[in-house]
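Chain order of the listed sequences is H and A.
Residues in the first sequence are numbered consecutively from 6, following my numbering.
Residues in the second sequence are numbered consecutively from 41, following my numbering.
There's no promise every hint is true.
In silico lysine-lysine, PhoX-like type, Cα no more than 25 Å apart, as pairs [to be verified]:
(1) 80(H) to 478(H)
(2) 80(H) to 94(H)
(3) 227(H) to 202(H)
(4) 509(A) to 497(A)
(5) 163(H) to 227(H)
(6) 202(H) to 228(H)
(7) 468(H) to 509(A)
(8) 478(H) to 214(A)
(9) 478(H) to 645(A)
(10) 163(H) to 509(A)
(11) 163(H) to 478(H)
(12) 497(A) to 461(H)
(13) 228(H) to 163(H)
(14) 258(H) to 329(H)
(15) 322(H) to 258(H)
(16) 322(H) to 80(H)
(17) 509(A) to 94(H)
(18) 110(H) to 80(H)
Covered, in the sense of this in silico footprint (three residues per stretch, anywhere, with C-beta under 8 Å from a C-beta of chain A), are these stretches of chain H [claimed, not checked]:
(19) 154 to 166
(20) 259 to 270
(21) 435 to 444
(22) 473 to 483
(23) 496 to 502
Calculated directly from the structure, the hints in this document are not laboratory data.
Every residue, glycine too, gets a C-beta built ideally from N, C-alpha and C.
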Amino acid sequence: MNKRHVRLFLLLALVGASLCLLWQVPSGRETAIEDAQPAGRPPRIRPDYANTVIPPNIGPLNFCVEEHGAAYSVKIRSPGGQSLRVFSKTRRIRIPRRRWQALLKESRGREIHFDVYVKAADGQWQQFDTITNTVAAEEIDGYLVYRQINVLYHLYAKMRLCQRNLENYDRSVILDNRSFGYGCMNCHTFFDHATDKFVIHMRSAEKDYGAGMLLSLDNAIKKVDTRTQSVPLLAAFSSWHPGGRVLAFSIDKVRQFFHSGRTDVREGIDLDSDLAFYVLDTNAVLSVPSASRPDRLETWPAWSPDGRYLYYCSAPKLWDDREKSPPEHYDEVRYDLMRISYDVGAGAWGEPETVLESSKAGFSISLPRVSPDGRFMVFCATRYGGFPALQPDSDLYLMDLSTERYSRMTCNTERSESWHSWSSNSRWLAFSSKRDDGLFMRVYFSYIAESGTVGKPFVLPQKDPTFYDSFTKVYQMPELIREPVPLQGEEIARVIRTGPWIRCGLPVTAATP
Amino acid sequence: MESAAQRKRERSPVAMMKFWPKLSRRKPQLPAYSFVFFALFYLYIWLVVRPDLIYHGFWITTTFPVFSTGWPFFEEFLVYPGGPVEWFAALLCQSYYYPWAGALVIAAVAALLSLTAHVLITALCDRRPRVLHFVPALLLLLLYNRYVNPLTSALALLAATACACLYVQMPFRKTGHRLALFGLLSVTVYYAAGGAYLLYAALCGLYELLRGWRRALGALCLLSAAVIPYVAGEFVFGLRLRDAYFRLLPFHPDSNPNQPIIVACLYAFFLVAAVGVVLWERFALGRRRAADGSASRPGVGHRKRLAAVFRSLVPFILAVVVLCASYDRDLKGLLRIEYYACNRMWPELLAEARRLPWRHHNLLVNWDVNRALYHTGGLASEMFSFPQHPLGLAPSPATFPELGMTYAGWMKLSDVLFELGRVNESERLTYEVLEFAGDRPRFFQRLSLISMAKGEKQAARILLGALSKDLVYRGWAEEFLHRLNDDALLSADPEIQRLQSVMVEEDVVGSQRLDWMLTQLLTRNTHNRMAFEYLMAYYLLNRDLEGIARNIGRLDDFDYVGVPRHYEEALLLYASGAGTRAILPGRSINPDTRGRLSEVARIIKLYANDPRAAANVLGAEHGASYFFYFAFGSPGDGR
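Given the sequences, and given the hints that come with them, work out the whole structure.
Here you go:
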């Protein structure tokens, strides 16, 4: 390259940069915005980030302004006087992260305001009514772990367990099932919203890798086969005892079947299910006798934060044939909310108590999750059945455990809401919802005040605000955790492929350490 | 006798350089007939192979990469070695939709591979190859002639060989410079082309060992083939060893599973050629030295010209041999049927099906043929002109898993059920296929239509949004997105309106028999002609004459003129079996049909003890009749 070429290159670069600058910064726009005409109504924005409560540590809520215009501007201001302004030639408003975070930091516990301006083709700016959001005082856990899958029917091939940093847009894959022969993985369960102890259930498509539970203890993965003579099926929905030494789980014989005329084609059914628990120190698996009745279906275990009770759902089994799907009277199965006391020292179970009868509530109860402070429980309510994600009418209910009063949460829609997860400080609830389209589950967050008031939910923000417009995967089982999962990808997959399975047995003593 | 010191001096790099530099300045130059060769190559791929057959029929012969525009899709390919080439190959494969463009891509890759082969061979042996460098193009031709799409592997190979060419062509003399260049290109090749790096390292190593006389550097190059993938896989990308070393190579599980041996030959060619030409050159050099000083023979110029002409013909002759050896007319027939089915070219599909030998009429062809017959109005009268499988219409969803079909079968069933109005079953099958075959435009197109028909506008928008990221279907998707914005109910779209008028509304769970499903469709809409013809075809196939008689009255719901041939035949059989007259209010049975029944009955009676002989006699004239099918359980191939 000779000097002439270099000069030419520099000249071209300069011209290009100038053009870019001119494109991005229309002259005199500040003056024009100050003279903006009021639109007299709020702007239409997507996703809906208006009148909601947001965590002070959430990443920028990028959005699209659904108004016709030649240019767009958004001013975000805090009560303390700090503000940031975003200009865009397109409808996409991308908020700079650092300034956003500074603004949120200053606005903790207060409101922030979004002034949206749209420039018409004639150059006149229009100002819409201010959008107000409240910044909560309490942070949300920094990471979200979820299973990313297609809309699954009978077959599965590709699935990923992902984690997303909620303070920015970083996403990483914890485990891709391609690395172990396109096996299945499900029900990731973290102890105390941390990552030093968690389980992932898996089963391999290639039989060589087997099936069971991946137990991570202090960054070391073990493969545990929880199947024993008395608990012959694989563990499914799990819950850690707050002591961290016991994992309660359900064993489910789940089948899918399909509707010919309903909008939501799929439906799941538990042909049989029982409860069991795994004791870490003795590597033993035991059933919970009084919650493993042959005439009932018991599932969805969830420990109370004090470890004294195991909540679960139970329904009478209305069929004898454990193979036929769908079974007789499948649409009459209604689960009650139950609990059973547990003595950690003696490892002794009490008698089941009914917390909420489905016949009295008028709906079937599933997926109970108790807030870490022990104050509330959120569960799913459906007309029948125990798979809320596949029931279009699934709603979230909030129960005050001190009074056992419950009510339908205001964050519900007529579509399915399910797979909820509490934050470690009990102030945030992440859940999957099909509210936007009835088909693709997205993650929403709601603020839960100490009084039990529920904030308007907002969708998991994305760097590209149009991300959800073409994203055909679903977010399943979102779990909030405080720190990132340190083990990822091949580190876990290698254990799946090569590590030995640890067989569980009966404990020497029934007592839980 | 040479002394040891003298021999050592002659073999030393300095001494060799006295000899080699003169030769190494020889620039690679493709022979002129190469351009003719690749022009013909292009025309053959465009007009005879037709890359659009691969695009539409990818699941019959080969894997075809999924592609989507936008950063999220691209980002997925950046996190592992080989990803960039995979992405680029997926992008280029979309050109197959337009045969001229797909052929251009394939011909360009073949030409570039030949060029790299030419450069490498020239650099290694200082002789411009006349024919040898055509081998990669010939192997590609062979693969494409068999409708295998090795573009990803070929591009990885091209990346490796192109960088090897760059390496050998760079005029660096110092070992340090060459090592730096090798390292830089190593990182590039490994990241871009994954396992093809092994070939790059081997070619560079061989060049240094055999030609550059830098043994240490050559050994280092070869050693890097073992070290770099391990280091990158273990410490940079977190890959299993198999992926770190072999991704994009022919036998890797994620690579094209078809014809891996030929793809492996493509890779092996470069190695074998590299070693072979050097050995050959040394052998030839020895002979040349021995012949030094000998007088040239008269007439050599004439012979040389003849030899040159012959040499220039060799690649063409070889190409013809390859094409003749690998051409599979029946495979091409299957692909054309798939192409016509995708593009709803029903008469062409039937014409192709008639040409296809009956032994190739598998279940998938059977479904396509029956669908084409329905659309051309021939299902009720020509159905038995083609082979018919007992499940040749559409098996009940209950039997799907047992059929052990590939996802092509599932998608075809989805097509049939979609057109019938069984949208939920079609939706389910499409999602099942999508799970295995990936996010392909055809699936999103189907799912968006279903969502629109079901009134799920938002879901439809998302599916159309995904489809709008496809290079080929973008226009279709954007048009529907606009229409959804203008007319949320899509009241002007005939396809959506048709679907809404026929789709099942009654909700029933679990799997049902096909006749039950078709009857449910007719209960929903008595004018669902496809459901009616399929129901009657189902009864015909199952020799359920009672079913035909029970439903023949539905003819009045449609605009049939007279009674379709096969229904007539079935009704006559029913009447003769039941000992009654075929009753058809307002319609009459053609006397000719009665005559044919008598003829068939007579011949069957004549050969009562030899059904095969009866079938042979009847096949030519009555093989396409329902009488024949009823008697022998399959149509007769009277062609």
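Worksheet item: Checked against the structure, which of the hints given earlier come out wrong?
Response: Hints 1, 8, 9, 16 are the ones this structure does not satisfy, whereas the remaining hints hold.
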